[in-house]
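Given the coordinates of chain A, assemble chain B onto it according to the supplied hints.
So the sequences go chain by chain: A and B.
Residue numbers for the first sequence follow our numbering, beginning at 152 and rising by one.
Residue numbers for the second sequence follow our numbering, beginning at 152 and rising by one.
Hints listed in this document are in silico derivations from the structure and should not be mistaken for laboratory results.
Don't take every hint at face value.
When chains are identical, the list treats them as one kind, so a pair holds in a single copy or across two.
To be verified - Okay, derived cross-link-like pairs now, EDC-like style, lysine to aspartate or glutamate, Cα gap no bigger than 20 Å in a straight line:
id	residue 1	residue 2
1	K394	D425
2	K274	E184
3	K430	D583
4	K297	E184
5	K491	E574
2 protein chains.
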Amino acid sequence: MGKKAGIGIGILGLGVIGNAVARALLARAGALEAVAGCPLQLRKIAEKDRDKVRASKMDPALFTADPAEVVADPDVDIIIEVLGGEHPAKEFIDKALGSGKYVVTSNKEVISKHLPEFAALAKKKGVDILYEASVGGGIPLIAPFKQDLSANAISAIYAIINGTTNYILTRMASEEIDFSTALKQAQKLGYAEPDPTNDIEGIDAAYKLAILATLAFHAEVHPDDVYHEGISRLSSRDFRYAKELGYEIKLLAIAKEQDGSIEVRVHPVFLPDDLLLAKVEGVYNAIQVEGDLVGRVLFYGQGAGPSATSSAVLADVIDVAQRICRGAKLTHTLRLDPSKRIKPIAEIETRYYLRMITVDRPGVLAKISKVMADNDISISSVIQRESDVAHDVAEIVLMTYPAKEQAMQQAMGKISRLDVMQEIANFVRVED
Amino acid sequence: MGKKAGIGIGILGLGVIGNAVARALLARAGALEAVAGCPLQLRKIAEKDRDKVRASKMDPALFTADPAEVVADPDVDIIIEVLGGEHPAKEFIDKALGSGKYVVTSNKEVISKHLPEFAALAKKKGVDILYEASVGGGIPLIAPFKQDLSANAISAIYAIINGTTNYILTRMASEEIDFSTALKQAQKLGYAEPDPTNDIEGIDAAYKLAILATLAFHAEVHPDDVYHEGISRLSSRDFRYAKELGYEIKLLAIAKEQDGSIEVRVHPVFLPDDLLLAKVEGVYNAIQVEGDLVGRVLFYGQGAGPSATSSAVLADVIDVAQRICRGAKLTHTLRLDPSKRIKPIAEIETRYYLRMITVDRPGVLAKISKVMADNDISISSVIQRESDVAHDVAEIVLMTYPAKEQAMQQAMGKISRLDVMQEIANFVRVED
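Isolated chain A, as found in the complex (with noise of 0.2 Å):
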């Protein structure tokens, strides 16, 4: 088969994403031309590090240090960015696309930032940027969006989105151990980076929130629309609550739209324990969707990992080889509806779990009480155990009905100040 039959494939990177779809396209050649439709030939891959080159055992002759050369290389029809992060990324991407190829990434942080840019330079050239891989690894998630829950109104998704996350909440909530604990575990494991900031403090799952959020309501919500707290505040004794209280704690990816303004948030929510988002565990995702005409969809699988991020990588490339192949347009293309607006977290209503440490004296439940009345904050349940009499302290726990983040954070200054009170230990924002 000459050189020009197939869809010519370049890949930019060879980390540990990129070496397992460079592996799949050469393994399952064929498989993969009978649903493509044509040939996928690997033409060239840019890897700067010649230890993995070597490593990966692959033909010398597809390699180049340079990402430029297999951007501009004439025989390449698709370019597969798995270098992560904004730059490079971004220019390669540009150049890819302003010369007419089709785009194939696994990066969430330079779509999530350049998403609408990348489409319209794609849409102008002919050509296509797919992003399946950028969340929840292998789970079908961007395809739905595009096409399966098209001819819906998207009013709510509820995400489970960062397996590190979960996998550390996992442990805390079964072994009662602490967040430091878990996280040394995590790390261990290869679970969590030796820098875990951008996983641990919701950062990660704000791209991907973020993604999902512009496809699902039509408008541009970009990674700085999204209030994300991390979850590192949680201790064991907040597990030991919920659990009491029938909760699970997961960090939440939240995304809402009601009448054209739009809720983005990532922070550790309360979620009540028999629902199915909350017996999602360790490094699982789990995506809820939730859509006018078919209800509540639940998306679960591995949200990471190279295999499951190449079963997504190479169902966007098929998809683009069967347009090539086949002579078929371009079918989709991001609609944005500049009129919706992004709410600022204090503008969310939802229900508050407070765990604070006071004086052990009489009356302090009253004037706790009493701030949360002025603010107009309904208490719904509280938890008072005995008190730690040697040193002279209660711990008191509280569950609020819906109220108002603004009149919460209110509330939340004034109880502090109080002269009864040690310090609020901890407050978790709770959905039903």
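Chain B in isolation, oriented as in the chain A frame:
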């Protein structure tokens, strides 16, 4: 806008699904046009029942009593077939595809029995037949196999794809009621039909599994190839033992491929209660798929109902409309590998739960154990409670290690003829 400016749509049948689809097409015309790329125009609905037509309050000019008239209408580009059942749906689909029209259907029976013919005819005529709504209501299930998971070799599907039976089993498990009481409740709530045979005997699930297996394994799987057993034999005692042993009882549709051999079966299953699939309750559906790249993914949602089903029908209509509007060609073709074989149920290997009523006498368990051992079946656990002395009977429950179905059937035959045996009260397969 002139009549020919958009895509013409005809609907065969104004049942609950046809009604929901027609209403959605009319009510969300603007949103559908935005995603499809051109207007979708409902031009004709075939419905014989004048009462249904009147009750719909839709424009009477839309209606005809004769489906053939809709199929023959030159202004109709897409036929939505929601008649249900094999005939005359089969004939109308043939006619529609034969005259170069696209077909979208929610009809599991006709698709499970005739998909390969339909696909061949559609290909010949340069059109397509889409059937996302035929399995799992609005849950995207067909699209993942065609596209999102298409780089994977699929090894297994475990599915709860019948809401009626899952509702009944959920009630039996939570309320310790017997089958007939739970069925009556389901009928009262409209979750089971007056004649529930198709649902409770696993026939409906067998149709759906045949479709999923055909797509997943690229092999023609006919509903007659699917072994099926219903749920009516289950008693509240089985649920009590299941709970005690750490299992839930579900009606599972199972499809596996190994070495070119396919097993497809629908029957009650003991499922470990910590699996996500075991936690799917009520009328909800869930489909777990295992692929060699993606690992284990699960899709969950409402498997039926007019609204959810219309979500899937409209997704297919949008897909077709995008292709027509943008002049794209067919991208998916049904691939079938004739070398694959269907494994008879006798050849499957699994674990078993066996509940027996015996006379209350020493040595009974020894006799049963000997028969099992003679047939190469190892017992993993035994429960024998205090006997019912008044009636001189005992109840013995066995769980086995993996064994061949054939061996198990032979063993049960022999056990049932032991002089100490009153009856084999139930046997249920176990999946781990």
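Discussion item. Run through the hints listed earlier and report the numbers of any the structure violates, in increasing order.
Written reply: 5
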